[in-house]
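**Q** Given the sequences, and given the hints that come with them, work out the whole structure.
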Amino acid sequence: MFAYANPKRFMDLSGPFVPWLATAAAILLVVGLYLAFTAPPDYQQGDTVRIMFIHVPAAWTAMMAYALMAFSAAIGLINRHPLADAAAKTAAPLGALFTALALVTGSLWGKPMWGAWWVWDARLTSFLLLLFLYLGYIALWNAIEDETRAARATAILAIVGAVNLPIIEFSVEWWSTLHQGESILRKGGPLIAPVFLWPLAAMALGYTLLFFTLWIVRIRTEILNRRLRALQMGAA
Amino acid sequence: MIALLSRDMRLAFRAGGGAMLALAFFASVAALVPLGIGPDLRLLARIAGGVLWIAAVLAGLLSLDRLFQADYEDGSLDLIALSPLPLEAVSFAKIVAHWLTTGLPLTLLSPVLALMYGVPVRGFLPLIASLLIGTPAVSAIGAVGASLTLSIRRGGLILPLIVLPLLAPAVIFGAGAVIGALDNLPNGALPLLAAFSFAALLLSPFAVAAAVRLNLGS
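Quick note, the sequences are listed as chains A and B, same order.
Residue numbering for the first sequence follows this note's numbering, starting at 280 and increasing by one per position.
Residue numbering for the second sequence follows this note's numbering, starting at 915 and increasing by one per position.
There is no bait here: all hints are sound.
Listed next, the stretches of chain B that the computed footprint assigns to chain A, with coverage defined by at least 3 CB atoms under 8 Å from CB atoms of chain A:
hint, stretch
1, 1056 to 1063
2, 1074 to 1080
3, 1085 to 1097
4, 1114 to 1127
Label pairs and their computed distance ranges (CB to CB):
hint, chain 1, residue 1, chain 2, residue 2, range
5, A, 317, B, 955, 54 to 64 Å
6, A, 442, B, 1070, 20 to 30 Å
7, B, 1098, A, 442, 31 to 41 Å
The hints are simulated quantities; they were obtained by calculation from the structure and are not laboratory data.
From the three backbone atoms N, C-alpha and C, an ideal C-beta is built for every residue, glycine too.
**A** Encoded structure:
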């Protein structure tokens, strides 16, 4: 892994990779959306069940983004590697975006199903807290001018957050829950009909690839920005 | 370590130290809530645990900037870092000092406020116990935020954004213990709160020390 962690090599390798990844994400999202709209309406939820296909993958991607961000931050802190710092920095706004998307689509779904735009349910609340964690991370990064110092300070925050997230999750769960339980990754197989499972799987993979596409593009931009700044400093 | 602890406490209690100010802040937040909600004692008794917990967290946050900021600005933090005492121990001593000057006084004041909120007697013990057990976590996790925002000029604004989501479990278990007692329901809030607090006290000195080192540029 570390052999590819050289910024120059990363730029060379990731450049041609991006269009392919973007195309795959686009195809999967189109297929997933097509399947989502042609799936039969749910016998209880009617057509609103289709919100699931854009809501659930957003939530999964948001959590994956935090894990990847904390992992990159830890690598950056331990190995002092600028590429890992850039990866952690650029994952945060994407994660915040997917978290916000999950919250908004969940809210749109909650209105017809639960009769309220927002309920103080465990899953919703912990996602709101996740959004605040992302925002705090981004704010801390922006507040510290020195790039390496900012990277290390935010890495500490990301790790503290990663340790605390399961506790927050548990405590909020203990506090109140209305949200439905886990229905995909459970003992005894998924509880969801295949006609819903396939579009969900396509959308989940599409979201994941979309995240990776955007992430790589953002890391590339970050590296180019740093080079530009270094050149400007050199010229000044 | 003891010397550092007693020095921090002396500084906090002397003029401009802010220990008394945090306590006054706690009391005034608690006094403002009934003005916004209305004087219905039944309602107030029900929300007292939550209100006092939130006021305690805010009061703890308010006084966090003096944890490292003053020492950082006048250079004594550099001297403390140079001493043979490991920074982790320094962080722990400072967290304990912060708790002794904010969390503990708040806890001691809370029965008076609970009385004013009309909390029945069976809610008193859980309230005091939850504040006593839980406020060390506020000091410990708050110290992580304070040390991370040490060199930022407007750190006071970022600090709450960083720390408040991390403190959600403390508020949930703390207020939950009081509500559970009011409803005469057995619940595991206090042990869970104790576990959270213990873990926070144990782990955060390491994060604080790393952040202080980073901000001192060593």
